[in-house]
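Asker: The primary structure of each chain is shown beneath.
Number of protein chains: 2
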Amino acid sequence: MTIAGTDSSGGAGIQADIKTFTAFGCYGTSVITAMTAQNTTGVQGVHPSPPEFVRQQLHSVLSDVKIEAIKTGMLFDADNTVAVAASLKAHFGGPGSAMPPLVCDPVCVSTSGHTLLQPDAVKVMISDLFPITALVTPNRQEAELLLSQQDKELKISSLEDMVSAAKKLRELGPKAVLLKGGHIVITMQDIERVCSSNPDIEVVKDALLGDNMEILQASEADAATRELVVDVLHQSNGSTSIFVRPRINSTSTHGTGCTLSAAITSALARGLSIRDATSLATSYTHAGIETAFPIGSGYGPLNHMHSITLRNIPKPTLSNPHPFTRLLIKSTSKIWKEYVEHDFVKQLGQGTLRRECFIHFIKQDYHYLKYYGRAYALLGAKSPSYPAIQAAAQTMFNVVNEVKTHVSFCEQWGITEEELKSTPESSATTAYGAFIIDTGLQGDRSKLIMALAACLLGYGEVGLWLRKQASLPNSWVKWEGNPYLKWMEDYSGEHYQNAVKAGLDTIEAEAAADPPSIVRFQEWVATWERCTRLEKGFWDMALGLL
Amino acid sequence: MTIAGTDSSGGAGIQADIKTFTAFGCYGTSVITAMTAQNTTGVQGVHPSPPEFVRQQLHSVLSDVKIEAIKTGMLFDADNTVAVAASLKAHFGGPGSAMPPLVCDPVCVSTSGHTLLQPDAVKVMISDLFPITALVTPNRQEAELLLSQQDKELKISSLEDMVSAAKKLRELGPKAVLLKGGHIVITMQDIERVCSSNPDIEVVKDALLGDNMEILQASEADAATRELVVDVLHQSNGSTSIFVRPRINSTSTHGTGCTLSAAITSALARGLSIRDATSLATSYTHAGIETAFPIGSGYGPLNHMHSITLRNIPKPTLSNPHPFTRLLIKSTSKIWKEYVEHDFVKQLGQGTLRRECFIHFIKQDYHYLKYYGRAYALLGAKSPSYPAIQAAAQTMFNVVNEVKTHVSFCEQWGITEEELKSTPESSATTAYGAFIIDTGLQGDRSKLIMALAACLLGYGEVGLWLRKQASLPNSWVKWEGNPYLKWMEDYSGEHYQNAVKAGLDTIEAEAAADPPSIVRFQEWVATWERCTRLEKGFWDMALGLL
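In the order they appear, the protein sequences are chains W and V.
For the first sequence, the numbering used here assigns the number 1 to the initial residue and increments by one for each residue that follows.
For the second sequence, the numbering used here assigns the number 547 to the initial residue and increments by one for each residue that follows.
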C-alpha cells in the first residue's frame, strides 16, 4: 500500500509506486493525500484530499485487503499526516494485527523545487509517524530539514556528515534510516577513509567491480577515479551499511525518491530484510535511470519496466490448458491443415488411395522411423532425470513396435522385410529424418521436442479427424471395409492417443517451466513449422511416388 | 493516458489502468476525475475533482508528454465530461496534432451497483465525447442506458440484440463500438444461428478450440455444450466481429471493464488495429480473471501481471556493461576466488612452484586442451550463423597454438611430445574435459558456452591478477627472472586478453538476446559453478601430483 500524492505525468507519486509494485510482482493499493497537476517541468497545481477522505480511503483498504508493507510519500499537510498516523495506529493497534513494515519517504520538496509538505507537518511526521516507521528515507535536503529543530546550522556535505546525520535521524524514532546521497559527490577515497576509521561499516557495491573481476575492470571505467553516489543505511541494531554506485549524468530523475521507497516497500512485502531490500531497490532505481526513455521536456521519469519482460506464452489455465500447443497450431494453421488434411489422408479415409502409394509411404516410413527412434535416443541422452530417460526409452519401444506393424502390413501385400530394408531412401525421407537429428545435435532438449512434435501430434490429429469424420452421417470416410482400416484404428486408438496426450503434457510442461524469450519462442515455432512442412512433403512424396 | 477515477483498493480505475499499461510495456499517464474510497465490497466514498483541476491535469500532461492513445473511464459528472472533451479538442484541434485513438469506457455503474456517472453526464458524453471517440466499450447495462434516449424499453438479452444494439450505438457517433456481453449467456448454437443469417460476421475464438485441434479437444471440455461469453465489435466500415470465450465462474471481476479498455488502449498505442487490439485485450482480461489471486472479501481484482515475467539478468547499461558475467562471478565468488587465487597460481607467481608440479600440470593440460578444442568444434556444429562458425574455428586454432606453447615449454625441460602424448590422463582431467563435452551433448549452444567460460575467463583473470600484483610496490610476485614468466606473459598478454574480451561479449550477447527464465538461468549458473570447481580440482591435482 502506498499513501501519497498523485502525479498526472506518471513518473512520481502513487503512479510511480504502482508501476514499481507491479514491476516487483506485488499487488498495489493506494491512498491519495493530494492530487497534483504536474509534468516533467514542474508542479502546476495541487488539490489536497480532505483528511476525512484520507481516513475513508485508509479504512476502505485496510478493512478489506491484507497489507504486507506500507510506504508513505507526499502527505501534504499536518492534518493529513495526523490522519494517516492515527488510522494506521488504530487499525494495527489491536491484538493479532501487527503493523506491517512502514517505509516513510519524507517527501518535502520536489526535484523541481516545489514544496510538497507544509512546514508544520514536519513536526507531526516526527512525533506521530516516526515511532511506527521501520525505515525513513530522506535525501540530504530533507535530512537537514528534519534535523533543523536540533541544529539549525546543520549541513550535510561529506560522507562523514552523512553517517553522522543518519545516526541522529535514527534517534528521532524510526527503526532505521536510509540517508540518500544523490546530491553529494563521493569518491572511493572518501569511502576508504570513512571505513578505515569505522571498520564496522559494510560497503555494498552496485554496478561497481568487486574482487576477482580484473577481466571486467580491463574493459570498464576505473572505479577508483569515478564519481560515486552513496546511500547510508543506519539501523537500530547499530549497524551501518553504505550502498555505493557510479554517479550517472541523466535528466531522467523525476520520481527517483518515490520509486526507491516503493521498491524497498515491495522487497519488504516479499520478505527481504531492510538491508537486502535497500540493496535490491537501489540497484533497481539506478538501472531505471540508466535505461530511461526520453519522456517530456524537463526531468523525465525513469524506466520502471526494465526488470520485467513480456511473457510469450500465456500461463495455462482451466479454460486454456494447452496454451502453447494452441499457439503452435494457430501460428502455422495453413501448413498444419495442408498436412493433417492432406489428399493422401483423404484418399486413405475414402479407401481410394492407390495401393502402390500406400506401400511407397510405408516403405519410406520404415526408413523414417529409424531416424525417429534414434532421435528419441538422442533425447534420452539429453535428459536431466530418470523419468525423462524412461519416457525416451518408452517412445523408442513404441517406435520399434510401430515398425513391426509396418512389417506385418507389408507381409500382407507380399513385401518382405528384406525388400523394405533395401528400398532406396527418398530425399523427402532423408530431409525430414536428418533435420530432426540435426536439430537434436544443434539445440537442447526443448528444441528437439519441438522437432519431434509435428509427427507425434499430426498422426494423432489425422487419426482423430478421420474417426470423427467417419462418425458423421453420410460420411465420406469409409471405416468398415476400408483396406487401410487398421492404420486408421491404430492412430485413432487409445494406445497411440495416450502417447499423444503424454507428448502434449511434455510440451506444455516444457513451455511453462522455462518460459521462453521471444528469440527462443520463435525458434520453437520455426522448428515446429519446418517439421510440419516436411510432413506434408512426405505425403506429397508418397502420392507422387517420388 | 487514462482519464478516470481512482480506486483505493487498486483493482479498478486509474490504478488498474496503470497496472495494465505497465503489463503491456507502455508508459502510463493519468488525469483523475474523481477519487473514490472503495474496496472489493463496494464504493464507500467519492471525492470529485473540480472541472478546472481536470483541465489543469490534462494541460500538464498534454503540454509535455507525447500521447499515443487515450482512454476515458469514470468521468463522474457533466462538468468533468465537458472539461475532458473540450481540453482534448483544444489540444488536438490544431494543424499537425492529430488526435490519438480515444477509447471511451462509458463507466456509469460499478460492478457493486454504485452510480459512477451522473445522469445528465450521459447526454454530454454522447454529444461531446462520442464524435472524437475511436471506440466505445459499454456493457449491456451501459448500452441500454446510452440507447434509452431513442428507445426507453430497449433490452439486450440475446446475441441478436447485441449485434443490433452495437450498430445502433455506432450511429451515436463513435467510429467503433465494442458491446461487452459479460452478463449475457450465449451458446455455440446462438453463434452459429446468428452467423448463418449474417455470413459476414467474423468469429474470433479465444481459449476455444479451432480447426484441426482434435487432439486438444480430446482432453478439454466440449465447447459445443459450454456457456460462452461474447463481445461484439462493430466498426464504421460496416464490419462486425464477435469475440467468443468460455464463461468462467469467478468472483475476481472487480475492474474488468477498466482493465479491458486499458488493454485495448495499450494495444492501440503499440500500433495494432482496433480488431487486433480487441482480440489481444479480451484474451488478456480473460486470463487476468482466470489467474487471479484471492484479494479482499468481495469481488476481487483480476491479475494484471499474468502477462509479464521478472527479468533474471539486468539489462546491460553504460555503468553495468557485463551484468551477466558479474552475476556469475558474484554468485560463485567463493569457489571462483579459490580457483583464480589458487596456491598453484600464487606459487607460480612467486616463482617457487615445484617444477614437477608445473610439468604435471602442463602434461595434463595437454590432454585437457584436446577436449577443449573438440568442445569448440561441437560449438561450431551448434552454431546458427557463419560468424559463429568462424569464431568457433578461430578458437580451435587458438587452442592448437596454445598446445604448441606447451610442447615448446616441455622441450625446454627435455620432455618430448611423445612423452606428453603417452602420459596417463588424470581423473581430474577426464572429469573436467568429459563434463564439457557432455554439457555440449546435453544442452544447446548457450549452455556449452557457459561450460567453456570458466576456463577462458579464469585464465584471463589469473593472468591479469598476477600482472597487477606484480606492479604493486614490494610485490610478492616475481616477474622478471621467474621461471614461469612466459606463462604469465601469455595469459596476461594482449592476444589471450582479446580472446577473453570476445568471450565476454559472446556471453553477454547470449544473455541479452535470449533473456533466460529462472530455470534456464539457474542451469547456466550451475554449469559455470561446476566448471569453476573442476578448474580448482585441476590445480589441486597438479599440486598433489595426482
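Be a bit skeptical, because a hint or two may be false.
Calculated cross-link-like contacts (lysine-lysine; reagent style BS3-like; alpha-carbon spacing at most 30 angstroms) [unchecked claim]:
1. V:K751 with W:K346
2. W:K205 with W:K168
3. W:K334 with V:K751
Hints listed in this document are in silico derivations from the structure and should not be mistaken for laboratory results.
Asker: Now look at each hint and say whether the structure bears it out.
Answerer: Each hint, compared with the structure:
1. This hinted pair checks out: V:K751 and W:K346 have alpha carbons roughly 27 angstroms apart, not beyond 30 angstroms.
2. In summary, the hint linking W:K205 to W:K168 is supported, as the alpha carbons are separated by about 24 angstroms, within the 30 angstroms threshold.
3. A hinted pair counts as satisfied when its Cα atoms are at most 30 angstroms apart, and W:K334 with V:K751 qualifies at roughly 17 angstroms.
In summary, the structure agrees with every hint in the numbered list given earlier.
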